[in-house]
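Visitor: If you want the building blocks of each chain, they are given just below.
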Amino acid sequence: MATYTLISSVTVGSGGAANIEFTSIPSTYTDLVLKLSGRSNRSATTEFLSINFNSSASNFSNIYLEATGTTVYSGSFAGYIGSIPAATATANTFGSFEIYIPNYAGSNSKSISSDSVSENNLNLAYSDLIAGLWSQTAAITSVKLVTNNASNFVQYSTAYLYGISNA
Amino acid sequence: MSVTYDKIQTTTLGSAQASVTFSAISGSYTDLVLISNVDITSAGASINIRFNSDTGNNYSYITIYGNGIAHATNKATNQNKSYIAAYVAPNTSLETVIVTNIQNYSNTTTNKTLISRSNRASASNSPGAEVLSGLWRNTSAITSITLAADSGNIDTGSTFTLYGIKAE
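Those sequence lines, one after another, are chains V and R. In this text, residue positions in the first sequence follow the working numbering: the first is -6, and each later residue adds one. In this text, residue positions in the second sequence follow the working numbering: the first is 5, and each later residue adds one.
Treat the hints as calculated values from the structure; they're not laboratory data. In this text, all values refer to a predicted model and were calculated from it rather than measured experimentally. We treat Cβ as the ideally placed atom computed from N, Cα and C, and that holds for glycine. Just so you know, not all the hints are guaranteed correct.
Claimed, not checked - Derived DEER-like restraints, expressed as beta-carbon distance ranges: (1) T16/R - S158/V: 40 to 50 Å; (2) A47/R - N52/V: 44 to 54 Å; (3) T25/R - S69/V: 36 to 46 Å; (4) S100/V - A47/R: 48 to 58 Å; (5) A132/V - S155/R: 32 to 42 Å; (6) A133/R - L115/V: 24 to 34 Å; (7) S100/V - N78/R: 39 to 49 Å.
Just need the whole structure built from these sequences, with the hints factored in.
Guide: Here it is, written out as structure tokens:
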């Protein structure tokens, strides 16, 4: 029977957090799923996030499909994983992510699928679909989400890392 | 660590009806996942969603749609409903599949967002793929979900299953 099991969770406290990181990820699962509800204190409507594996920001590539409601964009931006509302977005509004990482403990390069939304009822918001690749053969033992503009995740941001087993 | 992906409720329509409601949703999960397999009785319409029976102008959304040739995006603010799919075809033999993630649904701190992926399964009615990102500007815990077609009824045989993902 397949299983969907919580590995670890992070809830950002009142001081905020520069990043959200999961370490010592066991290799006993088949796939990883990371669910994020996040908001940033950047002085803007939106903050953009990148992903690191095993404390490395290198060897990432991706293709993104991004829409604002008026324009559709597609391109490549290494490590980019999606966007969240920031300080000038509608209050109490947090972006949602689902990041799927299949075969994270295998010996091939690691693919990443990410769906995210920073919708906040203002004119500027993004919806992203991202197909990413980490061109490394090492098993993923840590995952870190970082803000691209050195802002902090604000209080009540949460992240849950699940392992999916096919056994 | 424990297994955390639980079926909360499933519904298969025995007759066409205007709406489907999941009520008394427990707050004991972290996230909700709704799997819908739908067709409708009208000539093609959107499937809308409301939380906690709220009909105020507290919803907004962005859509992305592509059909292999072209793409499009749309956005609406201050709406009285959001959506899980912008187009569902009237085809009982080729239903539209919709996967909707509603995260942090039970907290009382944040507004609630959803991400919904759907196909447009009909070969004759604008086939393609779509993502719909919605927002409900309300910090209440979600305790009920109501789905309805913008026109016509949800057809016989449509299925809806609500799962809870528990973080414990």
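Visitor: Next step is simple, just say for each hint if it's right about the structure.
Guide: Verification of the supplied hints:
1. Distance hint for T16/R and S158/V: a CB-CB separation of about 29 Å, inconsistent with the stated range 40 to 50 Å.
2. Here the CB-CB span from A47/R to N52/V is close to 50 Å, well matched to the stated 44 to 54 Å.
3. In this structure the supplied range 36 to 46 Å holds for T25/R paired with S69/V, their Cβ-Cβ distance being about 43 Å.
4. Against the hinted window of 48 to 58 Å, the Cβ-Cβ separation of S100/V and A47/R comes to about 52 Å, which satisfies the hint.
5. For A132/V and S155/R, the hinted distance range of 32 to 42 Å is not satisfied, since their beta carbons lie about 51 Å from each other.
6. The given range of 24 to 34 Å is respected by A133/R and L115/V, whose C-beta atoms sit roughly 26 Å from each other.
7. Distance hint for S100/V and N78/R: a CB-CB separation of about 43 Å, consistent with the stated range 39 to 49 Å.
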